[in-house]
Structure formats: C-alpha cells, structure tokens
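*Asks:* Line by line, the protein sequences give chains A and B. For the first sequence, the positions run 1 to 423 when my numbering is used. For the second sequence, the positions run 424 to 628 when my numbering is used.
Just to be clear, a hint being listed does not mean it is correct.
As the list claims (entries may be wrong) - Below, simulated BS3-like cross-link-like pairs (lysine-lysine); rule was C-alpha separation at most 30 Å, straight line: (1) B:Lys567 to A:Lys322; (2) B:Lys574 to A:Lys73; (3) B:Lys434 to A:Lys73.
No lab work stands behind these hints, which were simulated from the structure alone.
Here are the chains, one letter per residue:
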Amino acid sequence: MAQVQDIEIRDSATRAAQVAEELQDVQGEKMVLNMGPSHPATHGVLRIVLELDGELITKADPDVGYLHRGDEKIAENMTYTQFIPYTDRLDYLAPLANNVAYALAVEKLLGIHDKLPPRCQYIRVMCCELARISAHLLGLGAFAMDAGAITVFLLTFTEREKIYNLAEAASGARLTTSYTRIGGLARDIPPTWCAQVRQFLQEFAVTLAETETLLTRNRIWVDRLRDVGVVSKAMAIDYGLSGPNLRGSGVEYDLRKAQPYLCYSDLQFDIPVGSVGDSYDRYLVRMEEMRQSMRILSQCLEKIPGGEVNASKEPVNIPDGKITLPSKLKVLSSMEELIHQFMLVTEGVNCPPGEIYFGHENPKGELGFYINSHGGGTPYRLKIRAPSFVNLSILGELLPGCMISDVPVVLGSFDFVMGESDR
Amino acid sequence: MTALESANQIKVQFGDIISEPAEFRGEISLKLADADKLVEVCNFAKKTLGFDFLVDITSVDNYGEDPRWTVVYHLRSLVHNVELRLKTDVSEEKSALPSVLSVWRTANWHEREIYDMMGIRCVGHPDLRRILMWEGYPYHPLRKDFPLAGKPTDLPGVAFTRVTPMEGGPFVTLPTKEDSIAREPRVRVPEDAEPGVSDKRLVKK
Numbered sequence: 001m002a003q004v005q006d007i008e009i010r011d012s013a014t015r016a017a018q019v020a021e022e023l024q025d026v027q028g029e030k031m032v033l034n035m036g037p038s039h040p041a042t043h044g045v046l047r048i049v050l051e052l053d054g055e056l057i058t059k060a061d062p063d064v065g066y067l068h069r070g071d072e073k074i075a076e077n078m079t080y081t082q083f084i085p086y087t088d089r090l091d092y093l094a095p096l097a098n099n100v101a102y103a104l105a106v107e108k109l110l111g112i113h114d115k116l117p118p119r120c121q122y123i124r125v126m127c128c129e130l131a132r133i134s135a136h137l138l139g140l141g142a143f144a145m146d147a148g149a150i151t152v153f154l155l156t157f158t159e160r161e162k163i164y165n166l167a168e169a170a171s172g173a174r175l176t177t178s179y180t181r182i183g184g185l186a187r188d189i190p191p192t193w194c195a196q197v198r199q200f201l202q203e204f205a206v207t208l209a210e211t212e213t214l215l216t217r218n219r220i221w222v223d224r225l226r227d228v229g230v231v232s233k234a235m236a237i238d239y240g241l242s243g244p245n246l247r248g249s250g251v252e253y254d255l256r257k258a259q260p261y262l263c264y265s266d267l268q269f270d271i272p273v274g275s276v277g278d279s280y281d282r283y284l285v286r287m288e289e290m291r292q293s294m295r296i297l298s299q300c301l302e303k304i305p306g307g308e309v310n311a312s313k314e315p316v317n318i319p320d321g322k323i324t325l326p327s328k329l330k331v332l333s334s335m336e337e338l339i340h341q342f343m344l345v346t347e348g349v350n351c352p353p354g355e356i357y358f359g360h361e362n363p364k365g366e367l368g369f370y371i372n373s374h375g376g377g378t379p380y381r382l383k384i385r386a387p388s389f390v391n392l393s394i395l396g397e398l399l400p401g402c403m404i405s406d407v408p409v410v411l412g413s414f415d416f417v418m419g420e421s422d423r
Numbered sequence: 424m425t426a427l428e429s430a431n432q433i434k435v436q437f438g439d440i441i442s443e444p445a446e447f448r449g450e451i452s453l454k455l456a457d458a459d460k461l462v463e464v465c466n467f468a469k470k471t472l473g474f475d476f477l478v479d480i481t482s483v484d485n486y487g488e489d490p491r492w493t494v495v496y497h498l499r500s501l502v503h504n505v506e507l508r509l510k511t512d513v514s515e516e517k518s519a520l521p522s523v524l525s526v527w528r529t530a531n532w533h534e535r536e537i538y539d540m541m542g543i544r545c546v547g548h549p550d551l552r553r554i555l556m557w558e559g560y561p562y563h564p565l566r567k568d569f570p571l572a573g574k575p576t577d578l579p580g581v582a583f584t585r586v587t588p589m590e591g592g593p594f595v596t597l598p599t600k601e602d603s604i605a606r607e608p609r610v611r612v613p614e615d616a617e618p619g620v621s622d623k624r625l626v627k628k
C-alpha cells in the first residue's frame, strides 16, 4: 500500500549561509571561472564570470549581449506591421505571445486595443495561453535535464510538438508565426483548430500529471531545488522581477488580473504564488500556471464567439480600412479599398503622435513595449522591456553564496531566453 | 489612489520643476524640468506614494532639438496598482543625469543599457559599463545619427567590422510630400563609409 511520507522542510534561512560559515576558516586562493557563453546550462548565450572559493561562489558577473541584433534600431526604420516578424524572434519559445503583445501595444497607441472584435480577442487569448504552456514546458524540460532528469525533457518536448502543430495550423509557421496584425489577425483559425486544441488539452493533462509524479515529490529534485536561490518578496520587487519569478516570491501580481486586457476579465483563473521564493517555488508556480492555462483554454473553447467553424461569420479584424487590410476581392473591384491597401502597405498604419507603454503578461514575465510616435507609419522610438533582461540582473546578487552545482538550478528556475534579453 | 492623484501630489511637493500631468490613452506623464532633482522625486514617489516597482527606463534621442535626450522612467505601485511615467530632459553637452540605483536596484542594468545605447551617463552608478555591445565599442548605436547599416569598427578578431550590405533596404516609404527619391528607400548613408566596402548604391548620393 502506498504510504504518505512527509518531506522535512528545513528552515529557509538560506542553506548557503550555513555553508559559507562552515567554509570561513578555510584559506585558499580565489578562482575565476568563465561559464558560457556556450554552456548547456546557460540556455543560449549567457556568460557568467564566477569567482570561486572552492566550490562556493563569492562573486558573479552575468554578461549579456551576445545575441544583440539591434531590434530597437531596426524598428525605427520600418512600419509597425513590418516589425511583427521581429517580435517572433524575441522570446522565440513563445512567438505567439510576443505577436499579441506587440499588436496590443500598437493598438493602444491607436486607441483601439479595447475595441477589438470578440472573436479576435478569444483567439489571441488562446494563442497566448498555448504559448505559455509551450514556453513553460521547454523551461521545465531543460531545467529538469540540467538537474539530471532527462525523461522530463522527452515528455515535455513531445507535448510542445503538438503546440507547434497548432501554431502551424493557425498561422502557417511553427516557430516564426507572425500571426497577429495591427487591429486583428493574419487570418481566422481553421475550422478544425478548436477540436485539435481540445484533443491537445486531453492528452496534455495526462502528460502534465505524469511529469508531476516524476518531479514534484522526487527526493533528488526537492533536495536540489529547495532553499536554493531564495529571492525574498522585497528583493523581487526591488529588482523588478516579473512573471512566475515575481509570483514565486509570493507577490500576487499578474498583468492579466491587475490590468486586464483582451477578454481576460471574462475568464476564470487563479494566480499561483510561492511562499518561500526558492527555486522549488518557482517550479511549482510554473506547474500551476500551466494548469490555469488549460483552464483558460477550455473556457475559451466554450465561449469563443462564432463557435468552432465561425458559422455566424464573426470578424477577426477591426472594420477600419485605415488600419487593417481590406479583402483582396474588394481591392480588385473598388477604388477606395485599393487606395487603403496601397497606403497601408507603403506607408504603414498612420498612428497619432504620442507615447504609450503596454505591458503584457508573457510566459517569462512582463514584456513591455514603449512606443514614442511622432505620427506616421513608423515609430520614432520603440523600446522593448524584455522580462528576461530584467530577471537576469538579479543574478549578480543571488549567486554569491551558492555552490557551483546550484548554478544550473538557479538559472533553470529563472527560465530566461537570451533572444529576448539581448534584443 | 489613482495615477492622477499621485501625479498631483508630486506636483504639490516639488512645485514648478514638475510639469502639469499629461494624459494620453489613460496614461499619466509628468515632466521633471531639473534632472538634478531626479533622485529626490523618485525617493518621494517610492517612499510616500508607494511606487515600489520600477518597470523600465528608456531614453529617447530628439535629434536636432535642444535638449537632445529625454529619459523616461516607468513607475508602478504594486499596492495601488497604478502607473506613472516620469520624464526628464538632458542636454547634449551634459549627457549625464543622476542614477536612481539607490532607489530601485533594478535600475542597474537599465542605466547601463542607456549608457551603452545612447551614451547618457548615470552619475553615481558604481559599475557603468557597456552591456549589450562589447567593451571598447566606440559608438552608441541607438543615436539617430548612427546609421542603420552600422559603421566600420576597427576591432581585430571580430568578424563584423564592416557596414551591413543593405541591398537598397529597408523598403519603407516615409509619409512626406517629398519626391520618391527622398521618400524611399530609407537608408541612412554612413558618413565615413569606405567606397566599395558594401553595396555601391549605399554610397551613391
């Protein structure tokens, strides 16, 4: 018969502090270790210069920028619509969510972000939540693999493949989706898409439960994660952490609840928060977020206006010829639409002068776009507030005091992506 | 407390150096006339008004205008769930403003990025190094007078030291009434581009 065992919860007054005390008397030379930029545990091209006293880290200097492509500079030189494919390449594990975030930011500048057609809003929410599951699955798989549990990686990647199939069915591309347009979507979802999502949810629930049995009460997993990389509530806020990393430290702040956008206020979901702020809490928060995303997805499947096949012909684009492209039939048969199409393609969506900031709850945290417009079809200045960039800035303070073997765990639990951090 | 009330409180506390709160798309912006008072204003916003979360710091290059730089701070109060934008101008001769690292520690990397990309120094920052570009890179790429195609940099061992061949792109038409040569394509020609280095069309006036 199965026996329920309690896991001993040690005092979270950091295990590392104890280790540091024990090692204080030991005299030795400090060693500088260069970790990355090409290291499997740094998930991309993060480089950390570590100063070590034995196995104990005394100083850590994260070095970013190896993937800098000058996205903000590029954005100043093209129309708003032309920049959409570049957003795919920010957090390339959740391109759909980036597309939605960017489109919403430009729509906020236009003043139409709360006037989107309901069907468009529901499809966008479903895309965001699928992207969230996909990003968390990769984060979890890579995290577990770094800690030695390779099975999890295989399980999560099998499920991610299904999400890629869904993205392909909707947008035509698996990775570089570019699914949104300013004021709507590239196209409506195909008629069988909702059924595919429903089937995915059924299969995913099984895999998620299986993954959970492999990890959550696993002695090795718990021992390696618990009390490692503890971020207190005050520290998390001070360092501007966002997303699961902020909530893992016990701050109940989620932009989907705090500043509801799209149709999130019509949907029921909970915000999981951690209690200690260690790596284990961040892991638990992500696991629960995936379950909440499933919950949101099933509600969207029920509520989506027009239903699965869109029998009532609900629009997915704003009916404004100066913002969204007209249908090809109209372009070829009507003068006004032809002019609209020509102006939109050559000069872009004409945005009013002004400045806005829009923060979107992305899988990694708050993806924000600050757009400074002088009017016209190109932004004067576009700043991307990348969650991974901000989340990584805490490492310099968090890593000292940890053991070298804790570094992959801390990095894995922060779940960053360098494409977004370096822009 | 709403964002407008917070903005008005800052206005009452600091008087003339704070502009009237401006609203656009539901967001409140304040402009601080004297950048030297920045830390005081931020401290007041954080400690008295509860703006405990610094979302972002951005810099804007108003090329051809005086003052040239605008630095933009996005503040948020997690308790009251309000946001406020605080802006301040910095002249080109000065190109420096006080660091707010003592108020929010998240400012560290944002200020390094501003120094790296725009070349505005944050006085009081203990570790003002480049962050996205490499150490020793001589330019500040987000400045408006820096060409999109880049500038040749003399850095032995680094592969990308030449101007990017733009092949005539990016293909964007500027909404102006000028003739089509002025409107497209919008490539900024690097002033010191070596002839023959990249596409011939780049150096043609």
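*Asks:* Mind checking the alpha carbons of Lys434 (chain B) and Lys73 (chain A) for me, to see if they're no more than 30 Å apart?
*Replies:* violated (34 Å)
*Asks:* Tell me if the straight-line CA distance from Lys567 (chain B) to Lys322 (chain A) falls inside 30 Å.
*Replies:* holds (29 Å)
*Asks:* Straight-line Cα separation of Lys574 (chain B) and Lys73 (chain A) no greater than 30 Å?
*Replies:* holds (14 Å)
Of the numbered hints given earlier, the model fails hint 3 alone.
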